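Going by this note's numbering, the sequence shown opens with residue 1, and the numbers climb by one from there.
Derived by calculation from the structure, the hints in this document are not laboratory data. None of the values given here were measured: they were computed from a predicted structure. Each residue gets a CB set at the ideal place from its N, CA and C atoms; glycine is no exception. Hints are not guaranteed to be accurate.
[Claimed, not checked] Derived Cβ-Cβ restraints for the label pairs, each shown as a range:
id	residue 1	residue 2	range
1	GLU52	GLN279	20 to 26 angstroms
2	HIS226	SER25	41 to 47 angstroms
3	SER275	ARG347	15 to 21 angstroms
4	SER275	ASN9	26 to 32 angstroms
5	GLN279	ARG347	41 to 47 angstroms
6	PRO55	GLN279	21 to 27 angstroms
7	SER71	ILE281	33 to 39 angstroms
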Amino acid sequence: MKAVVVLANQPQSLHLAEVAPPEPSPGEVQVKVLEVGLCGTDRDIVQGKYGEPPPGESLLVIGHENLGVVSHLGEGVTAFSPGELVVATVRRPCPELCLNCQAGEPDMCRTGNFRERGIKGLSGFATEAYVEQARYLVRIPERLRRVAVLLEPLSVVEKALREAWFIQERLIWRPERAFVTGAGPIGLLSAMVLRLKGLEVHLLDRVAPEHPKARLAQALGASFHHADAHHGLGELSASVGRPDVIVEATGVSSLSFPAVLALSCNGILVRLGLSPSRQLISLPGDVINQTMVLENILVLGSVNANVQDFDQGIADMLACEQRFPGWLEGLITRRLPLSALTRAFEREPDDVKVVLEVAATP
Numbered sequence: 001m002k003a004v005v006v007l008a009n010q011p012q013s014l015h016l017a018e019v020a021p022p023e024p025s026p027g028e029v030q031v032k033v034l035e036v037g038l039c040g041t042d043r044d045i046v047q048g049k050y051g052e053p054p055p056g057e058s059l060l061v062i063g064h065e066n067l068g069v070v071s072h073l074g075e076g077v078t079a080f081s082p083g084e085l086v087v088a089t090v091r092r093p094c095p096e097l098c099l100n101c102q103a104g105e106p107d108m109c110r111t112g113n114f115r116e117r118g119i120k121g122l123s124g125f126a127t128e129a130y131v132e133q134a135r136y137l138v139r140i141p142e143r144l145r146r147v148a149v150l151l152e153p154l155s156v157v158e159k160a161l162r163e164a165w166f167i168q169e170r171l172i173w174r175p176e177r178a179f180v181t182g183a184g185p186i187g188l189l190s191a192m193v194l195r196l197k198g199l200e201v202h203l204l205d206r207v208a209p210e211h212p213k214a215r216l217a218q219a220l221g222a223s224f225h226h227a228d229a230h231h232g233l234g235e236l237s238a239s240v241g242r243p244d245v246i247v248e249a250t251g252v253s254s255l256s257f258p259a260v261l262a263l264s265c266n267g268i269l270v271r272l273g274l275s276p277s278r279q280l281i282s283l284p285g286d287v288i289n290q291t292m293v294l295e296n297i298l299v300l301g302s303v304n305a306n307v308q309d310f311d312q313g314i315a316d317m318l319a320c321e322q323r324f325p326g327w328l329e330g331l332i333t334r335r336l337p338l339s340a341l342t343r344a345f346e347r348e349p350d351d352v353k354v355v356l357e358v359a360a361t362p
């Protein structure tokens, strides 16, 4: 069967390869892959920035955003039936089984030796079929068939906001306004969840106001703001009021660190964007520290997700389909077969989310 692979840490090694079809062992489920979403992590792996194949192997099957259909059950599996739509979670416990991994929280692994499908130590989902333990699969309602490939990135948002709301139980907190920096899939999905929570949402990005990303934000009832050297978070908070929450989804350090200065008193900054470039920047450190201390400001970093966040993502997808019909599918700007693999990794000006249609491959 076909699989999308790279040679570990070798740029420009992306290609289709033939791999052996997997058979489920007891307790496992064989899943036929329908779709795989592509994201910045996949692009970084293709560029050789990181990515770790399974032990003893030189090729890494990429892809962690996934949607499939159950095709065969291993012995003892009763929780699923052939033909059901499923999405697999991404992270697996560390071999040491640290306190959090033992508790079913590999997204909070303490050792850092976790494994991740398509990223670190495990094959991914950009292949025609995979096998997985039933406990790592989430059943998908048929009515979400066209958009469920977005569940994995949405789960990352769900976890971060779940944590933020839990942490803010430290005080009486009735958030009204939120800023989101970055109108990529994570930023837009953050805006979606925040709108479903009833917040006034302002999304800041460098794209032009006529870009599809801006229109998607506005379709949620959020306000879109074009960012440039003269219009950033400080100017936005002065214009519309300081937010109770900021979700930072760009990973741009010069934006992320000073973001605390735009928050309202008792506010929380949620960081979801990664910063792989390791650039050095100059910051008003004393001002940032003074503001955080005197105004009870919190900063939260969050990565990956747990099964409960996938479940909440399904609930929010259903709510979004009811309140904003067709919005989720609008995030998917290109669907391409595996035969167009190279084109899928070439950025186009209007791209939001690109999806590989694996099952459609001849």
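Right, here's what the structure says about each hint:
1. At roughly 24 angstroms, the beta-carbon separation of GLU52 and GLN279 lies within the given 20 to 26 angstroms, and the hint holds.
2. Between HIS226 and SER25 the Cβ separation comes to about 53 angstroms, which falls outside the hinted range of 41 to 47 angstroms.
3. At roughly 19 angstroms, the beta carbons of SER275 and ARG347 sit within the given window of 15 to 21 angstroms.
4. As the Cβ distance of SER275 to ASN9 is approximately 19 angstroms, the hint placing it in 26 to 32 angstroms is violated.
5. In this structure the supplied range 41 to 47 angstroms is violated for GLN279 paired with ARG347, their Cβ-Cβ distance being about 21 angstroms.
6. At about 33 angstroms, the beta-carbon gap between PRO55 and GLN279 misses the expected band of 21 to 27 angstroms.
7. For SER71 paired with ILE281, a C-beta distance near 49 angstroms fails the hint of 33 to 39 angstroms.
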